[in-house]
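Participant: This is what each chain is made of:
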Amino acid sequence: GQNIDQPTEMTATEGAIVQINCTYQTSGFNGLFWYQQHAGEAPTFLSYNVLDGLEEKGRFSSFLSRSKGYSYLLLKELQMKDSASYLCAVTTEGGSNYQLIWGAGTKLIIKP
Amino acid sequence: EADIYQTPRYLVIGTGKKITLECSQTMGHDKMYWYQQDPGMELHLIHYSYGVNSTEKGDLSSESTVSRIRTEHFPLTLESARPSHTSQYLCASSATGFISGANVLTFGAGSRLTVL
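These protein sequence lines map, in sequence, to chains A and B. Going by our numbering, the first sequence opens with residue 1, and the numbers climb by one from there. Going by our numbering, the second sequence opens with residue 113, and the numbers climb by one from there.
Don't take every hint at face value.
Straight-line alpha carbon distances no greater than 20 Å define the calculated SDA-like cross-link-like pairs of lysine to any residue that follow [claimed, not checked]: (1) LYS76(A) / GLU93(A); (2) LYS107(A) / HIS156(B); (3) LYS169(B) / GLU93(A).
Quick list of the computed label-pair ranges, beta carbon to beta carbon [claimed, not checked]: (4) GLY152(B) / GLU55(A): 23 to 29 Å; (5) MET10(A) / ASP150(B): 19 to 25 Å; (6) PHE45(A) / LEU123(B): 23 to 29 Å; (7) LEU228(B) / GLN19(A): 40 to 46 Å; (8) GLY140(B) / ILE17(A): 37 to 43 Å; (9) GLU175(B) / THR44(A): 26 to 32 Å; (10) LYS81(A) / LEU123(B): 39 to 45 Å.
FYI, nobody ran anything at the bench for these hints, they're computed from the structure. All figures in this text were calculated on a predicted structure; none of them were measured in a lab. Cβ atoms here follow ideal geometry from the backbone N, Cα and C, with glycine treated the same way.
Using the sequences and the accompanying hints, generate a full structural model.
Facilitator: Here it is in structure tokens:
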């Protein structure tokens with residue numbers, strides 16, 4: 001089968017750094033997405049990795065290792081507004097969204 | 113400002129009623145999708161469309177139907193709602209081709225349906 005695993009919930013302190021892991025087992029691979037979803041709101045795009053390595057975007061970075069089926073999202077200088085769920089998704093064929101496999105999301109709680 | 117709109121945001125109805133969840137986007141995207149999301153669970157694709165008059169069922173079996181008569185509009189209809197249909201329904205769209213290598217989804221704010 002195809003599946004994506006993420007921790008259900010994580011807690012971190014304002015100003016700190018947190019790493020959210022995602023492991024995947026899929027029949028194909030054509031890229032990995034991270035989306036952020038605040039409670040009661042729409043998911044919004046954060047990052048996309050298709051090659052191994054680290055992609056940095058301001059306070060957020062995303063890493064991919066295709067050989068290990070592993071990705072992480074790194075959030076630095078945490079702010080209270082970063083409290084949200086973080087969704088990992090893998091596209092398995094040609095970037096077609098109908099082939100997106102989603103993780104259940106990691107709920108990140110930021111404490112003052 | 114949202115570029116993809118869903119109505120209603122919240123709906124509580126009785127069993128057996130027919131409902132339509134509306135989704136419209138102003139970005140000119142040719143691809144549109146309906147996802148179902150339950151608390152703490154992954155998104156499940158229930159329908160998608162790659163353009164006008166093109167609709168397909170997704171991975172999750174659903175008793176709903178969709179139509180795509182206009183590029184910007186992708187409504188989802190349940191002919192006879194049941195309590196098992198209680199869930200959050202998310203509409204999304206994307207453009208053909210790639211932006212920075214990614215076929216990125218833009219989501220609406222969701223329609224939360226409760227069937228009593």
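Participant: Tell me, which hint numbers fail for this structure?
Facilitator: Per hint list: 1 and 10 violated.
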